[in-house]
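*Asks:* One-letter residues, chain by chain:
2 protein chains.
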Amino acid sequence: MQKHTTFNAITLITPTASMTAEVFGGRAKCLQRLIRLDMPVPTTVALSFDTVRGIAQGRMPDIDAVLEPFGPTPLVSVRPSSLDPDWGGPGAVLNIGMNDARCAALADEIGLASAISLYLRFIQSFAINVARLDPEPFELPDDADEASLAAMLAAYEAETNEPFPQDPARQLGEVLRFMARAWDGTTARILREAKGAPADAGLGLVVQEMALGVGAPESGAGVIQFASEVTGAPEVKGRYLSQSQGRDALAQEGAIYLTRDPRGPSLEELCPEIYADLIRIGALARERLREEMQVEFTIESGVLHVLDAVRLPRSSRAAVRIAVALGEQGVIPREEAVLRIAPNTLNDLLHRQVAPDAAREVMASGIAASPGAASGQLVFSASEAQAAAARGEQSILVRRETTPEDIRGMHAASGVVTARGGITSHAAVIGRGLGLPCVVGVSNLTIDTRKRTIRAGSRVLGAGEIVTVDGHTGDVLIGQPGTIEPALDDAFRTLLSWADDLRDIGVRANADTPDDAQTARDFSAEGIGLCRTEHMFFDGERLTVMREMIFAQRDDDRAAALDRLLPMQRADFTRLFEIMEGLPVCIRLFDPPLHEFLPSDRAGLRDLAEALDQPLSDVMERAERMSEYNPMLGMRGVRLGITVPEIYDMQARAIFEAAIGLSEKTGGEFVPDIMLPLVSAQREVEIVRARIDSVAAAVQTETGREVTYRLGVMVETPRAALRAGDIAENTAFLSFGTNDMTQMTYGLSRDDAGRFMSEYVKQGVYREDPFHTLDLEGVGELLTIAAERGRTARNDLVLAICGEHGADQATIAFCRSHGFDYVSCSPFRVPGARLSAARLAVAGRMGLTEPPAKPGKILIYQ
Amino acid sequence: MQKHTTFNAITLITPTASMTAEVFGGRAKCLQRLIRLDMPVPTTVALSFDTVRGIAQGRMPDIDAVLEPFGPTPLVSVRPSSLDPDWGGPGAVLNIGMNDARCAALADEIGLASAISLYLRFIQSFAINVARLDPEPFELPDDADEASLAAMLAAYEAETNEPFPQDPARQLGEVLRFMARAWDGTTARILREAKGAPADAGLGLVVQEMALGVGAPESGAGVIQFASEVTGAPEVKGRYLSQSQGRDALAQEGAIYLTRDPRGPSLEELCPEIYADLIRIGALARERLREEMQVEFTIESGVLHVLDAVRLPRSSRAAVRIAVALGEQGVIPREEAVLRIAPNTLNDLLHRQVAPDAAREVMASGIAASPGAASGQLVFSASEAQAAAARGEQSILVRRETTPEDIRGMHAASGVVTARGGITSHAAVIGRGLGLPCVVGVSNLTIDTRKRTIRAGSRVLGAGEIVTVDGHTGDVLIGQPGTIEPALDDAFRTLLSWADDLRDIGVRANADTPDDAQTARDFSAEGIGLCRTEHMFFDGERLTVMREMIFAQRDDDRAAALDRLLPMQRADFTRLFEIMEGLPVCIRLFDPPLHEFLPSDRAGLRDLAEALDQPLSDVMERAERMSEYNPMLGMRGVRLGITVPEIYDMQARAIFEAAIGLSEKTGGEFVPDIMLPLVSAQREVEIVRARIDSVAAAVQTETGREVTYRLGVMVETPRAALRAGDIAENTAFLSFGTNDMTQMTYGLSRDDAGRFMSEYVKQGVYREDPFHTLDLEGVGELLTIAAERGRTARNDLVLAICGEHGADQATIAFCRSHGFDYVSCSPFRVPGARLSAARLAVAGRMGLTEPPAKPGKILIYQ
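Protein sequence lines correspond, in order, to chains A and B.
First residue of the first sequence? That's 1035 in our numbering, and the numbers climb one at a time after it.
First residue of the second sequence? That's 1035 in our numbering, and the numbers climb one at a time after it.
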């Protein structure tokens, strides 16, 4: 049977001539490359998408021509070859060509039982899949003998009223027709479209000479790979099973190791030359296919055949390590290594995850708002979380929703669950900022804060019981499943340093606290693009002073309270500036409505009245008066800066004094960025700018040091976008707050949208959650208008984005194409943003409209 | 002294030649016209703005030339002549030229006492105004004799160290310098700029030969007019005082009637020929000056002189009647009659007003949100207001703010006061809709609903005490001042019928109830542009069913509740359609968040739990879950239509069945307009359209009658404006909800803006309250974008505006210039909108950029 080992070039069955994955599918293309590398691939014939489409429509190609390369007594397999292996396809059919005569002939070569076994497997496969018969009569017998063969042939004839087909050409024709039609089945179509296949995705088929894997001397089949699919580290792994076909070695007992192993026998010991050949083949494939591959091989009577090779499936961590290794070794350019890693892959590396194989007892599910996994005891208030932290215990904070008062509790907790809110609710934004696993909008979770229980359906858990937040899936799990740790290893750092060399847009971090700032630096952010100052006023003592300021009846009382806040605020900025070591820091002045700082319940108001020495009824009345119907659209942002200007005065002074302090310490000159929130009219900017300028002049007079700053506007209202031309005349930069801009453009509160957003996306009302993916058609148009008008008014205007969308690849693409200077995002999203920016730059230089969505494609199919 | 009666043409003192009001002021221009009509006007010299400006800067013209027309012994007056008489100016100075010699000469003609009297008056006026001396020594003595004259001349010399100037040229020069400088004084400038004068407004001066009004045979002065300044009805009115000058007749005792009058002597009896001449002059002036004039005249020794004529000051009601009379008599074209009435003039006619002369005891002040005046007893809840109405008593409903639950109470009350909210708060919108006087945002008013008192400062009023709401000024008055009634008379209707003939854009009304619809028809609205359906569900029984629907646990429970609402809703539409008699009716489907229909307090929730037979805790929890952070941006509008589609199904069915009912009754075919609120994506429209289409098909099948409708979108979100091109493909019309659009464009809640809006407008941060005056720069640009994209997609697209701004002239101007089809506004604002639309059309045809702001200008100055 010498011709079986002949390494024929692949034979193409197609109306067109070119051998591409787009015409024949990925498997065929890969086999062709293996053949060209002189690997021992059995004779192979490839049928193109068009050919297979024709078969499904009843136009069968000349089967004799297909079989011609396999000689007069063909024995072949048929495997699917779609453009993307992930799209699935009909299972392989092996041993086509087996019939009575061939069985008898093979018995001489490999023994009767082995020959009958192959025949039985083929009859079974044909009967069930092709003839669509009831599987029960075709179960494989324990013993492959002539009686069981006769019984199965009889069963076939009884069911179909005709004998089992003996003509290999007819067998193959039926198999091809079955496979072609299976591809068009509804279920197959839905499944592959869910994986991103287009509606007209084609199926190619690969007909290949069987390498039997049964018989003597050594025969069998196995799978080999050369790196760990978990870590990406170099390692020869796989299994080999004597007297087997296909991938049986991975599934059946009796398989042995490939490399010498203390735990048992190995192929290296059994067939040292074949093992050495496999190692050589692996190295060759890796270098020439420019990818870490997994190879399927068969040994037939001591001769090695390579049947197939696929891209090694891998974890996110392995993906990074493999891409970096290929890049470092010069197998691929660094640009390609960067292109091969999808940005969201990094999420898995940055955060602890529930182990993929851990048992999951899901209590309830919501929106996965901040990635990572954390376990801890259930707590129901910020103070309980702080108490647990003080005891050194992990806790999961469960709230109906979180408010700024909960921030210290969130710092103390290991994870957060809220019953309400969406992807940009308070809990979600803060959670992402802190890198804290967070699940929000768990609408079927009932929280009883009095009894201190949570309930979902009939399940009830009480305070102190252990739960796990899975911020990847949005699940709340009972108990503590196993987890895998984050992997910020050398490969991760190398990949991002390459990305930084390649990208052409800045990446800053949104950071409010020294911890945030440190994280931002750890992730190599190029500065702080958004420092929200309001969180600084919720800390114990400050909150009290803040409330005194809010309730001050006279200007001098207010001034006194602000005088006490000034040194605290100055210290905040001093620390931030020191951590950032001269990198730019953009400080957004006070934004939220003042009533957020008031106690929300009667007891808190009573305490406040006592602290202020004012009658409770007065305090309640004033608190009541301050409440708002739509706080998002109320008395906040620059409106406070206009109507209670003393707050911004204090903040400006704190910024200037801290900046002078840093300049004195380092000898360099540090220029802070000051940003105004919620602007809707140019005059707002003028008025606040005049006040800040006079604070700057005063500080300059007092200190004798020059005070400089850059003033900018956070463009969050549609009107600010439309009037960006006027506004730019008074500002050095515009930074787009896309969250609020999305809220106002859609007329949709992010805190309230959670209740119907999933329904909306499911029904396709919105293509995507616009708080998650920037709405280019609506919000994007306002940004475009603003960018154009701003730059027209002032061509050195700095443009940036600092909303939650800033880390998304699509958003960064938008920003690049509109000439933005930088994006700013949560510290934990900075690595993804750096990578995305690099991928976009590389894709742009390659003339692609966007980076490849599937990293694997680059190699296998081109 | 014959030359005093010579009717010289006016002499001009100016570097330029043309005699226009823009160069010499209104008084000079009017005098020139009187002279050209051969009226007996004394010799007059006019000084132009530039001349007077020169005097103020020290460049005195040749005084001898100014005096030349008055002969060798001039005796003249100087009066101000600004472009607009309303802008004020220095007071007239009379008798310039009086000196010792002239006094002696005049004594021969008119008697010594009269001559001394004139001299004394001049010395007084000169001393106080021109020489700026202490007034006390210059009080006029009881007896004008030589001793008192000597005393006053001595006083002058004592104060100034020089004798009283005897040279008429020097006297006049001093007077001119004084008047020119007074015009530049700060106070004068502020006062006139508050009335709309530009910063560079000029002052002209008129120097006129004195007609003495003293002496024998008959001498004196008076003022005459030919129509009532209150009603506008033709009537000769005025006063005449023998031996007087100027307007003394109006102020001093002893004046007599002009026309024969049972109450006393009259000029008609005293000097019948002069009276007849005045009547002739009045008729001539009215016809040739094309305006109802008030004429100042003097009789000098039996000879009539006309010194001046001004446009008759008049009430709003008189303004309409006079304009219509002039139009009907052909004195002016109808176009001009329409131009002469400012649209806001009509407000005074539509509503009762506090009488201008009534005593006002102001308790507190807020925002004048809905015009009119109403008095009644203080009530603190909707039910109290209804109880008062049931007793036939007037009430004023006072609330912190109103909610949809208060609507029935608002219907029952005579006026509404709220402590919170702005010009477009719920109370304000509903108040205007109902024509109910309303004052909102009375922030210094403390309402104690428990004690049932209101407090402002130290003033406290309790339930049942009488207060008055002044919706014109925004005052809350204690007690019940006198009022004047609305005046929807024939002149009003005639004027608006002319307006309808002239205008080129439609005017519809926003009407939710049969009462509203009837008002709309009474005011000749061309249809209903916005029928808000949600108000229909607050009525007692319906509210209960509504709540059952909201709390339905199962689909069939919800369906059952909606089945009960269907006939009620159908009856609503049937009545509306009948009242509108086939005119278009645009029904906006259900808009507000469902939680607005839930009780707001615990007691209400307890009642609801009982009614629903559900545990209170469940009801409370569900109500709590439905609450929203920012209801304005929440689960409302078309979002309900998508997620709880049964509500729109029910409404669509009710509309179709009512429309078929009307068509059957009238034989014509009635096509309703159905409008979707809060759209932000085209797909929302597609989805709801498909559901409504299937309801239409079902009703068609059931009734065998064809069902047609027009679907439209209420464009309220910036995104809907930006995507208007897509949206238009599924719609017959777009109607702009400018209130919500303003909220979203600015990021500003109308309910919360009241707290700082006045501060913002005061500081000039916003030029105007954008909820009051459409923001053309921001919101207007979004409307422009939407209109262009919508019409590009579908050139027969109907465009309309249905926000609160719809009645404003500036908004209508915007709509006309963008090709809108109609505006829709509160019924009570329909007349103003009809008039504004006509004025714009007329101004457009005249080539003006906008209609004249001051109706008077048209005649007097051109």
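A hint or two may mislead.
Intra- or inter-copy, both count: the list cannot distinguish identical chains.
As a list, the in silico SDA-like pairs of lysine to any residue whose alpha-carbon atoms are at most 20 Å apart [claimed, not checked]: (1) 1271 with 1297; (2) 1485 with 1654; (3) 1796 with 1350; (4) 1229 with 1052; (5) 1229 with 1170; (6) 1796 with 1662; (7) 1271 with 1330; (8) 1271 with 1193; (9) 1485 with 1658; (10) 1699 with 1366.
It should be emphasised that the hints constitute simulated quantities derived from the structure, not laboratory data.
*Asks:* Hints first: check each against the structure and report whether it holds.
*Replies:* Comparing the hints with the structure gives:
no.: 1; hint: 1271 with 1297; verdict: within (14 Å within a copy, 125 Å between copies)
no.: 2; hint: 1485 with 1654; verdict: between (28 Å within a copy, 16 Å between copies)
no.: 3; hint: 1796 with 1350; verdict: neither (28 Å within a copy, 59 Å between copies)
no.: 4; hint: 1229 with 1052; verdict: neither (27 Å within a copy, 84 Å between copies)
no.: 5; hint: 1229 with 1170; verdict: neither (33 Å within a copy, 100 Å between copies)
no.: 6; hint: 1796 with 1662; verdict: neither (33 Å within a copy, 22 Å between copies)
no.: 7; hint: 1271 with 1330; verdict: within (12 Å within a copy, 115 Å between copies)
no.: 8; hint: 1271 with 1193; verdict: neither (44 Å within a copy, 119 Å between copies)
no.: 9; hint: 1485 with 1658; verdict: between (29 Å within a copy, 18 Å between copies)
no.: 10; hint: 1699 with 1366; verdict: neither (46 Å within a copy, 81 Å between copies)
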